[in-house]
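Colleague: For reference, the chains in residue letters:
Protein chains: 2
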Amino acid sequence: MVYVGIDLGGTNIAVGLVDEGGRILHQGSAPTGIPRPYQDIVADMARVSRDVVAQAGYTMEDVKAVGVGVPGIADPETGVIPFCTNLHWHNVPFRDEFHKHIDKPLFIDNDATVAALAEYVAGVSAGTHSSVFLTLGTGLGGGIIINGKPYSGYHHIGSEIGHTIIALDGEPCTCGNDGCLERYASATALIREARKAYAEHPDSLMGRLCGGDPANISGKVAIDAAKAGDPTALDVFNRYVHGLAAGIISIINFIDPQVIVLGGGVSLAGDFLLNAVREAVRPMVFFKTMPYAGIQLAKLGPDAGIIGAAMLGK
Amino acid sequence: MVYVGIDLGGTNIAVGLVDEGGRILHQGSAPTGIPRPYQDIVADMARVSRDVVAQAGYTMEDVKAVGVGVPGIADPETGVIPFCTNLHWHNVPFRDEFHKHIDKPLFIDNDATVAALAEYVAGVSAGTHSSVFLTLGTGLGGGIIINGKPYSGYHHIGSEIGHTIIALDGEPCTCGNDGCLERYASATALIREARKAYAEHPDSLMGRLCGGDPANISGKVAIDAAKAGDPTALDVFNRYVHGLAAGIISIINFIDPQVIVLGGGVSLAGDFLLNAVREAVRPMVFFKTMPYAGIQLAKLGPDAGIIGAAMLGK
Numbered sequence: 071m072v073y074v075g076i077d078l079g080g081t082n083i084a085v086g087l088v089d090e091g092g093r094i095l096h097q098g099s100a101p102t103g104i105p106r107p108y109q110d111i112v113a114d115m116a117r118v119s120r121d122v123v124a125q126a127g128y129t130m131e132d133v134k135a136v137g138v139g140v141p142g143i144a145d146p147e148t149g150v151i152p153f154c155t156n157l158h159w160h161n162v163p164f165r166d167e168f169h170k171h172i173d174k175p176l177f178i179d180n181d182a183t184v185a186a187l188a189e190y191v192a193g194v195s196a197g198t199h200s201s202v203f204l205t206l207g208t209g210l211g212g213g214i215i216i217n218g219k220p221y222s223g224y225h226h227i228g229s230e231i232g233h234t235i236i237a238l239d240g241e242p243c244t245c246g247n248d249g250c251l252e253r254y255a256s257a258t259a260l261i262r263e264a265r266k267a268y269a270e271h272p273d274s275l276m277g278r279l280c281g282g283d284p285a286n287i288s289g290k291v292a293i294d295a296a297k298a299g300d301p302t303a304l305d306v307f308n309r310y311v312h313g314l315a316a317g318i319i320s321i322i323n324f325i326d327p328q329v330i331v332l333g334g335g336v337s338l339a340g341d342f343l344l345n346a347v348r349e350a351v352r353p354m355v356f357f358k359t360m361p362y363a364g365i366q367l368a369k370l371g372p373d374a375g376i377i378g379a380a381m382l383g384k
Numbered sequence: 071m072v073y074v075g076i077d078l079g080g081t082n083i084a085v086g087l088v089d090e091g092g093r094i095l096h097q098g099s100a101p102t103g104i105p106r107p108y109q110d111i112v113a114d115m116a117r118v119s120r121d122v123v124a125q126a127g128y129t130m131e132d133v134k135a136v137g138v139g140v141p142g143i144a145d146p147e148t149g150v151i152p153f154c155t156n157l158h159w160h161n162v163p164f165r166d167e168f169h170k171h172i173d174k175p176l177f178i179d180n181d182a183t184v185a186a187l188a189e190y191v192a193g194v195s196a197g198t199h200s201s202v203f204l205t206l207g208t209g210l211g212g213g214i215i216i217n218g219k220p221y222s223g224y225h226h227i228g229s230e231i232g233h234t235i236i237a238l239d240g241e242p243c244t245c246g247n248d249g250c251l252e253r254y255a256s257a258t259a260l261i262r263e264a265r266k267a268y269a270e271h272p273d274s275l276m277g278r279l280c281g282g283d284p285a286n287i288s289g290k291v292a293i294d295a296a297k298a299g300d301p302t303a304l305d306v307f308n309r310y311v312h313g314l315a316a317g318i319i320s321i322i323n324f325i326d327p328q329v330i331v332l333g334g335g336v337s338l339a340g341d342f343l344l345n346a347v348r349e350a351v352r353p354m355v356f357f358k359t360m361p362y363a364g365i366q367l368a369k370l371g372p373d374a375g376i377i378g379a380a381m382l383g384k
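From first to last, the protein sequence lines are chains A and B. The numbering of the first sequence is this note's numbering, which starts it at 71 and goes up by one. The numbering of the second sequence is this note's numbering, which starts it at 71 and goes up by one.
What the hints contain is simulated information worked out from the structure, not anything from laboratory work. Any given hint could turn out to be false.
When chains are identical, the list treats them as one kind, so a pair holds in a single copy or across two.
In silico lysine to aspartate or glutamate, EDC-like type, Cα no more than 20 Å apart, as pairs [as the list claims (entries may be wrong)]:
(1) Lys358 with Asp145
(2) Lys358 with Asp248
(3) Lys358 with Asp294
All of these numbers come straight from a predicted model, not from anything done at the bench.
Based on the sequences and whatever the hints tell you, model everything.
Modeller: As structure tokens, this is what we get:
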């Protein structure tokens with residue numbers, strides 16, 4: 071049997087046909103096209119799903135289930151999507167709507183949770199007892215897998231690790247609180263601090279890398295400058311790692327997963343980030359001589375959304 | 071069948087005989103008497119257990135299992151206690167030692183975890199899907215129950231919620247990090263801030279309540295003065311609640327339990343604390359219109375240690 075996995079984003083609907091082992095057999099996509107009625111978006115999701123299945127040489131008979139990762143919260147039991155801020159969705163009866171087009175078992179979950187599941191099935195946390203996935207992107211998404219199952223809590227509002235508070239009365243967050251992890255460890259936070267530091271240190275290498283226009287300072291610019299040893303960028307990078315390490319220590323001391331996986335844009339910094347994070351975390355561990363969570367880079371990249379969504383139905 | 075529950079503390083060994091429903095049938099105790107060899111402490115634990123069983127009119131034949139809550143971390147599988155700082159224990163082969171005295175199935179876990187289990191079996195979180203228990207005492211202990219089972223993580227070092235970081239570069243903690251929840255939401259933190267505030271505001275009601283000696287300012291003094299409307303004490307109390315609420319929001323946004331239970335010394339402030347915490351948490355919830363964890367006061371008080379330990383074997 072094969073599975074359809076749909077990664078529903080604010081910009082694109084990415085659809086893939088995925089086999090039992092989490093390998094993508096064929097892919098397709100369509101623009102999400104917000105704002106438009108959810109009924110139209112769901113119709114396009116179904117249409118691209120049918121196309122992808124056919125193009126891969128399969129029929130809908132071969133498809134065991136359809137899974138969808140959404141940039142918001144999802145109620146896996148009712149199939150309702152209570153909140154999807156980027157899409158302006160509120161209490162959308164997603165499963166019912168989708169079933170008007172394709173009558174297959176349909177599973178939904180949060181996009182970071184789905185990425186965590188992908189890494190568990192076919193990535194760096196394969197076969198582990200428990201893992202926590204962090205997407206270091208525009209925001210900071212979190213996914214929790216325990217005993218092979220996504221864990222989003224009793225009311226399905228959990229795994230919002232970007233909105234755990236690491237800095238009392240710290241940076242104001244879009245959620246209304248202050249000091250959320252997302253304000254310190256997302257790509258957005260890295261860019262914000264890099265631009266601030268460049269304004270204070272216009273001699274920084276970041277200036278050359280961004281062509282003198284601070285609007286061009288991306289996470290990559292900041293990290294490339296830090297890798298090259300630029301002191302201003304290194305300072306920004308080290309403070310970024312300091313915040314991320316505080317979040318990771320809280321995860322370890324709270325639910326002690328077997329593995330913590332770093333994904334999203336900032337994780338493309340690779341070993342430069344990984345080694346810095348591991349070094350920052352090590353001296354902060356509570357029980358110094360006990361083993362604790364391995365910290366790893368995500369393996370599947372942007373495909374994790376499709377793979378994990380597909381594997382919801384496995 | 072009945073169960074023996076042992077609450078192993080830094081001062082006392084408290085032992086109880088407990089029935090299936092989590093009711094204590096009979097109790098006994100002995101001083102822990104640290105520092106002395108762990109073998110002697112375990113021998114006393116076994117001796118008091120036998121006494122309590124006999125005094126209650128039972129025999130060891132009636133006892134299904136023995137459970138122990140320890141003020142440290144425990145490996146429930148091997149029965150080894152890797153760390154118990156208060157007792158100066160390090161890698162103590164606890165189960166093997168206990169079995170030299172009493173040959174019954176023996177279960178061990180962290181004391182806050184055990185209290186969480188007690189509230190799940192016979193207290194305020196009875197029958198819930200998931201609960202997080204916080205002991206607001208000298209330290210801040212945490213216990214997690216998911217689907218009726220204690221959850222301490224993959225390496226058994228989890229549920230140390232007192233050592234999640236809520237204030238980056240904040241108050242130095244005994245664990246070596248800065249800004250741990252324990253530094254803001256334990257009784258010790260409340261007392262520290264109350265004494266500081268009294269030094270700055272000697273006209274505070276706390277002065278009368280402590281007989282003019284700041285060393286007499288306890289958590290109760292601070293809370294009694296806050297209840298009476300003393301502005302200095304109220305300010306201390308409100309900041310305490312602010313820190314605790316940040317920790318609770320992080321718990322909700324991370325693992326979204328059905329219930330969060332407040333126990334330990336500070337929880338004796340009762341509804342005055344509970345209402346303040348609920349009011350502080352409500353506007354901080356991420357998804358404003360979604361249901362989230364109920365916040366409740368612990369019901370079992372100091373007996374939770376014995377009851378929960380006994381119920382480990384159920």
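Colleague: Measure nothing new, just compare the shortest in-copy and cross-copy C-alpha distances for Lys358 and Asp294 to 20 Å and report within, between, both or neither.
Modeller: This pair counts as neither: shortest intra-copy Cα distance 33 Å, inter-copy 39 Å.
Colleague: Classify it for me, Lys358 with Asp248: is the Cα-Cα distance of at most 20 Å met within a copy, between copies, both or neither?
Modeller: between (31 Å within a copy, 16 Å between copies)
Colleague: One pair to classify: Lys358 and Asp145, alpha carbons no more than 20 Å apart. Within, between, both, or neither?
Modeller: Cα proximity of Lys358 and Asp145: across copies only (16 Å, versus 39 Å in one copy).
Going down the numbered hints, you'll see the structure goes against just number 3.
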